[in-house]
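Residue-level listing of the chains:
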Amino acid sequence: MASTLKYVRVPPNSANMEEARKRVFEFFKTACRSIPTIMDIYILDDVAKPSQLRSTVASEIRKNAHVTDPKVIDMLLIKATEELSNIVEHAKQRHHIIGQYVVGRQGLTQDLGIKDQGNSNFLNSFYSGNYF
Amino acid sequence: MASVLRSSILRHIRVPISGALTLNGSDLIAVRSMSSHGDDHLDKQEVISRVLDVVKSFPKVDPSKVTPDVHFQKDLGLDSLDNVEIVMAIEEEFKLEIPDKEADKINSCHLAIEYIHNHPMAG
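Residue numbers (the working numbering), protein chains in the order written: chain A, 1048 to 1179; chain B, 127 to 249.
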């Protein structure tokens, strides 16, 4: 596969948001192209579909969509590439993948959402972080 | 010494085989009986229906709004990351790998259908 993981030789050094955005999309495409390999390694055929995994990757990326500093985006991309390399080189195990990327979406995250809905904004931001 | 002799003999023995291969090769090119990538591209209707299926099965898309001319970001209200995701889904469906320059241009169903229809290796 042409764009499967090439280890990042040049550390990303985005000059502006446009370049950072391009790098994000490149990472996303690399991740999507590695999905068949991942499903093969961890035998995820019964548990998840490639489209679900793609959506999961996209939502993980979207969680940091509010970031405005290109250097922070670079740092996040480095972490993401590291995570993807770990997964592809079988450094993780099946339950890690299932817990973090398959079940997490429907099981845990949604539950949290339903519980929080009735609360106030103050409590929501209180639970999620220190700065509000 | 023996190996030199052997290789020289083998060289002589091998020549007719490669000749036979090229003969077969030219025959194949003429007849195309064994080529796995047919020389006809995919049927346009089939391309349209498969691309629309891919777009409709995208979880954020309302299937009733999907037409062959719909624009991903303007009509379906998706953002650029969703656009890339749809292009990746199309890549998976048609077993292609679309280079970045082309993929950046695919912003609507119409462009996607055009690209796939013109691609000789679409599966």
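Derived by calculation from the structure, the hints in this document are not laboratory data. Treat the hints with care, as some may be off.
[Stated by the list, open to error] Sample of chain A residues lacking proximity to chain B, with all beta carbon distances greater than 10 angstroms (derived):
1. Val1071
2. Glu1073
3. Asp1092
4. Pro1097
5. Ser1098
6. Ser1102
7. Ala1105
8. Ile1108
9. Ala1112
10. Ile1120
11. Lys1126
12. Glu1129
13. His1142
14. Phe1169
15. Ser1172
[Stated by the list, open to error] The calculated label-pair distances, taken between Cβ atoms and stated as ranges, are:
16. A:Pro1083 / B:Glu228: 35 to 41 angstroms
17. B:Lys231 / A:Ser1175: 36 to 42 angstroms
18. A:Gln1140 / B:His236: 43 to 49 angstroms
19. B:Leu237 / A:Asn1111: 24 to 30 angstroms
20. A:Asn1111 / B:Asp179: 45 to 51 angstroms
21. A:Glu1073 / B:Glu219: 41 to 47 angstroms
22. B:Gln199 / A:Arg1141: 23 to 29 angstroms
23. B:Asn244 / A:Arg1068: 26 to 32 angstroms
24. A:Met1064 / B:Gly203: 20 to 26 angstroms
25. A:Glu1136 / B:Pro225: 21 to 27 angstroms
26. A:Met1122 / B:Glu219: 19 to 25 angstroms
27. A:Met1122 / B:His236: 36 to 42 angstroms
28. B:Asn244 / A:Lys1118: 27 to 33 angstroms
[To be verified] Cross-link-like lysine-lysine pairs, in silico, DSS-like; alpha carbons within 30 angstroms at most:
29. B:Lys221 / A:Lys1118
30. A:Lys1118 / B:Lys191
31. B:Lys200 / B:Lys182
32. B:Lys200 / A:Lys1139
33. B:Lys186 / B:Lys227
34. B:Lys221 / A:Lys1069
35. B:Lys182 / A:Lys1118
36. B:Lys227 / A:Lys1076
37. A:Lys1126 / B:Lys191
38. A:Lys1110 / B:Lys170
39. B:Lys182 / B:Lys227
Glycine residues also receive a C-beta, built at the ideal position from the N, C-alpha and C atoms.
ask   = Going through the earlier hints one by one, which of them does the structure break, listed in rising order?
value = 1, 2, 4, 5, 6, 7, 8, 9, 16, 20, 21, 22, 26, 28, 29, 30, 32, 35, 37, 38
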